[in-house]
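Asker: From these two lone chains plus the hints, build me the complex, please.
Here is how the chains run, residue by residue.
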Amino acid sequence: MFAEHIVKLFKKRKTDFILTVIGAGIVFSIILMAILAPFIAPYNPYVSVDDALLPPSSKYLMGTDNLGRDVYSRIIHGSYTVMIVVLASTLISLVIGSLLGLVSGYFGGVVDRALSLVMDSLYSFPGLIFAIAVAAMLGPGVINTIVSISIVYIPTYFRMVRGQTLSVKTSLYVEAATAMGASHKTILFKYIFPNVSVIIPVVFSMNVADAVLTEAGLSFLGLGVPAPIPDWGFDLKNGQRNFLAGYWWVSAFPGIMIILLALGFSLVGEGLNELLNPERR
Amino acid sequence: MTSLKAYVLTRLLLSIPMIFILLTIVFVILRLLPGDPVLAIVGMKASEEQIEKLRKQLGLDKPLWMQYIDYVLSILRLDFGRSMIWGRRPVITEIMEHFPATLELSISAFIVSVLIGVATGLFSSLKPSSKLDISLRIFSIVAYSLFIPMFGMILQLIFGVYLRILPVAGRKSPLVDIDTVTGLYVLDSILTLNFEGLITSIRYLILPSITLGIVLSGVYTRLVRSSMLDVLSTDFIRALKARGIPKNQLLFKHALKNAFIPVLTMMGLQFSILLAGAVLTETTFSWPGMGTFLMERIEYRDYTTVQGTIVFFALLVSLVSLAVDIVYALIDPRIRY
Chain A
1 MFAEHIVKLF KKRKTDFILT VIGAGIVFSI ILMAILAPFI APYNPYVSVD DALLPPSSKY
61 LMGTDNLGRD VYSRIIHGSY TVMIVVLAST LISLVIGSLL GLVSGYFGGV VDRALSLVMD
121 SLYSFPGLIF AIAVAAMLGP GVINTIVSIS IVYIPTYFRM VRGQTLSVKT SLYVEAATAM
181 GASHKTILFK YIFPNVSVII PVVFSMNVAD AVLTEAGLSF LGLGVPAPIP DWGFDLKNGQ
241 RNFLAGYWWV SAFPGIMIIL LALGFSLVGE GLNELLNPER R
Chain B
1 MTSLKAYVLT RLLLSIPMIF ILLTIVFVIL RLLPGDPVLA IVGMKASEEQ IEKLRKQLGL
61 DKPLWMQYID YVLSILRLDF GRSMIWGRRP VITEIMEHFP ATLELSISAF IVSVLIGVAT
121 GLFSSLKPSS KLDISLRIFS IVAYSLFIPM FGMILQLIFG VYLRILPVAG RKSPLVDIDT
181 VTGLYVLDSI LTLNFEGLIT SIRYLILPSI TLGIVLSGVY TRLVRSSMLD VLSTDFIRAL
241 KARGIPKNQL LFKHALKNAF IPVLTMMGLQ FSILLAGAVL TETTFSWPGM GTFLMERIEY
301 RDYTTVQGTI VFFALLVSLV SLAVDIVYAL IDPRIRY
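Protein chains in written order, with the working numbering: chain A, 1 to 281; chain B, 1 to 337.
If you're looking for bench data, these hints aren't it; they were derived computationally from the structure. Treat the hints with care, as some may be off.
[What the hints assert, rightly or not] With a straight-line cut-off of 30 Å between C-alpha atoms, the simulated DSSO-like cross-links for lysine-lysine are:
1) K8/A <-> K131/B
2) K11/A <-> K131/B
3) K169/A <-> K185/A
4) K131/B <-> K257/B
5) K131/B <-> K56/B
6) K14/A <-> K127/B
7) K257/B <-> K241/B
8) K127/B <-> K247/B
9) K14/A <-> K253/B
10) K12/A <-> K253/B
Just chain B, with the same shape it has in the complex (with noise of 0.2 Å):
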């Protein structure tokens, strides 16, 4: 077996504990934790008999092993149970509904915040502790430290109300309709030939994405930096400059190239923070997404779609980790175990 598969594999292994750990970091808030579902659910002022109803039909009423193992293997199915409001549709179909919204405003924000990472991590290093490098280390401190809904709801005050040019919440405009492929608004439009609805979903973007691309950028912005200056000074570049390479092939063809590694390995840290950032700029965008709903149910007490938005962040967390490591495999052939 080559080493390159054996990684892979190993990796895959791994990731099994760590789904399963999270699974019962989950269970155990939602179960363990003071606060009794049930009661949270029907209130205080709800019969003896509505509580055995309740409690009976979560199953909350068998021992706490038998509950963990029905979560367990329910989830091994993908069954999430159903919602405990409106119709109690299965949880799973209500996430699909939401998670491309999710995914849409998260893929977006990563791009704004590789594009302004990478340009001014790259302007950094040209001239360390020059003015400019100053300044951009001082923008990476401030962005981080931005607060997600402050800074979104400056922005819906300077674009939406007074240069009235971008829309300040929701996904797209009601006048027009986008048929359904994927779910990503954007793919959508441009697989259905909808000028109109890439146009409005497009405009719909643009605001939450650069809420939260330029909150994420900072980190992209000092990584960027650092491994410039490391390749920078590395003896293959020196041999490239040497050999009379121009600057700007040096730059954008070597370096750049090899500075991306270390960016690459922090995509899957950054995962889990875009994910939390996302919650923040959706609620403040009013955008539909996983953060939306899971504040929703939340309020309504909704007790099972709360549990299953919960588990399919951490699954989802766990093969993004997964995912990002072995592209990290492929790419850098020093990566092995």
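Next up, chain A with everything else stripped away, as it sits in the complex (with noise of 0.2 Å):
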């Protein structure tokens, strides 16, 4: 019966199918790259292995870098950084603002709008420049940079699951269930949440990728990861100075990265948008 579903489904929405198995095979190879990295990097990703500004060869694979540090192993223990911090941080607003607007939904009253207000001035701020400030005033470092990334997201989640709790705390089994006398907690959490996360995969797909690229931008503007540890954004910015000058594998590489995970997510929630939403064109 479900696989039947599927295969009705690949065949009305090819492309979309396509383009969300494209985008969950980039994801799933950077996160086993991730996962994988002391095994599959051929060097340490923190020493100088070679001369400095060596081209890509079959000794080097993405040449060397301005230190003589692979940039092959930095790409790979690179990933995990990214990952470790883009997850962390998403996740993060993921639970804190679905359960803000989860309750602030549900509840109403002053509580509900001022927060919306927050919410709503704090969104309609440049994220990135949000997070810059608040990684300035923090400071760099692993933990302070996914602060500054989860701050920004928080308000997308709040205000998504507020809306559609809004929409689903009218519906008739909500009012039977609060007619039955159903305590909140049993309302909010068995009847209107299940009914809310199902919007949950699409938006946090697409707040990754957008995670990816604001992480990628703290680190090449040197707010990001502390130095020596390895992170495309940082190591693209440390790249530019030699990149017009003929030594293009250094930046390029952790370019190419950051733009393909983003990609990858991308895809996949554009995908899933479209698989789990057909009605909406």
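Answerer: Structure below.
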């Protein structure tokens, strides 16, 4: 029955299916790369292994950087840094934003109005600039980067979950549950949340794509993860000075990885959106 | 009072709490987060005396609520304090020196993104689910994922280093002088009839605007596409078709005009994405705007200037979203409170 449904969906929306699969493929390969980093990286990403700025060769697949470190090994270990920072921060935003949105939308009242106004204002502010301000005050560090990025995306989940809660709240089965004397907790988590949560996967993957770019932006600006830790945005910046002089590999590989990862998550979000909400064009 | 007037007034009143909330958020970030600004400025080695002096100078010795009132009052007077380095100039003066560069970049990037977005969206909507439509859809996803510094550097490499036809950094050739009227070099060159200035400012503007413009265009592609499809299925378009209006006139004159309304609503939100993108574009192209300025001052730990710049961004975003909403109401009579 379920398989039949999938086959039908596939025939009807082939492009969306293909896009989602490609996106998921990119994302899972990079997650795999992050998990297996210590085993697949040929060299230590922290130390100089040869002369500086050697071009890509069979010995150093992506060349060496200005300090003689192996770019390929730094890319592999960098995937771990990027994944940890991006997933941790978006998950924090998801939990805090969704809970606040759920409670705020369900109970309504002054608190809801005030909270919505705060979240709307925050949402209207350029995310990267906000993250820059927080990161500049907190100083560099993995935890600080996670905090800066997670604050930026809380309003995204708040607005979405709150809006959805408002529309689910008035439905008949919630009314029935209220009439039967169910507690607020039961109604919220047993009746409302399951119906609200269906939209979370789409928003989450779109949001992670954005967070990848924000994380890379912060590190590119020197406000992300501190120096020797391998990180794509930082390594891209590090190679920028030599990029136009012909040593393109130091920046190009981290840059391509950032774009690929953001693209992977965007494709998943885009495809899921079409597959889960087929009535929308 | 007409409903339009009422709308504009309500919207105006609504933007006051928004501005206050943003100002408060900035205050909270800069004062309450761990990390002492004074220590950050003078460094760990400073003596107690030095620290106390600076604390007093910044007003950080007062209780928090008094600091907050001082902060809000001075911003209402548009007094952003004085920079802490290099001659201690008023922050607002320094911001006004850098803002025109950001404005010029933003305007031209915006034009590029709308042009590309409308063109691709229009072509997409002509034959939904065709090969062209699918390719343009993929273009819009890829465009959004392009990391600005990387994309900008690739364009620099191609057009600046290999083809040697466009400059890769700065706002104008150092050999050409442009008299400042508005601070927008292209406009200033036209106003002062400076032909050389016009050429150089346009040449320097091309790569950064294309970089930022293409990255932002994807959003418009899908927006124009879906609103075109909506408009094309409405009764009034079918009525026009039945009357035998030529297809081009139908598309460009009637459909596109109506498809533009959702694009307009997005502009307010897009503006904040444009500003964030401008920070990265400026640092990539050494464009002397607000983004490079902010990053430079963060590096020098010029606390008052950093605060002033962030506050300025907050005010700017609120004002633009107010303006967009009002323009939107003027154009679309359905929007009223």
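Asker: Determine for every hint whether it applies to the structure shown.
Answerer: Structure-based check of all given hints:
no.: 1; hint: K8/A <-> K131/B; result: holds (22 Å)
no.: 2; hint: K11/A <-> K131/B; result: holds (17 Å)
no.: 3; hint: K169/A <-> K185/A; result: holds (13 Å)
no.: 4; hint: K131/B <-> K257/B; result: holds (26 Å)
no.: 5; hint: K131/B <-> K56/B; result: violated (66 Å)
no.: 6; hint: K14/A <-> K127/B; result: holds (17 Å)
no.: 7; hint: K257/B <-> K241/B; result: holds (16 Å)
no.: 8; hint: K127/B <-> K247/B; result: holds (14 Å)
no.: 9; hint: K14/A <-> K253/B; result: violated (34 Å)
no.: 10; hint: K12/A <-> K253/B; result: violated (34 Å)
Violated hints for the displayed structure, listed by number in ascending order: 5, 9, 10.
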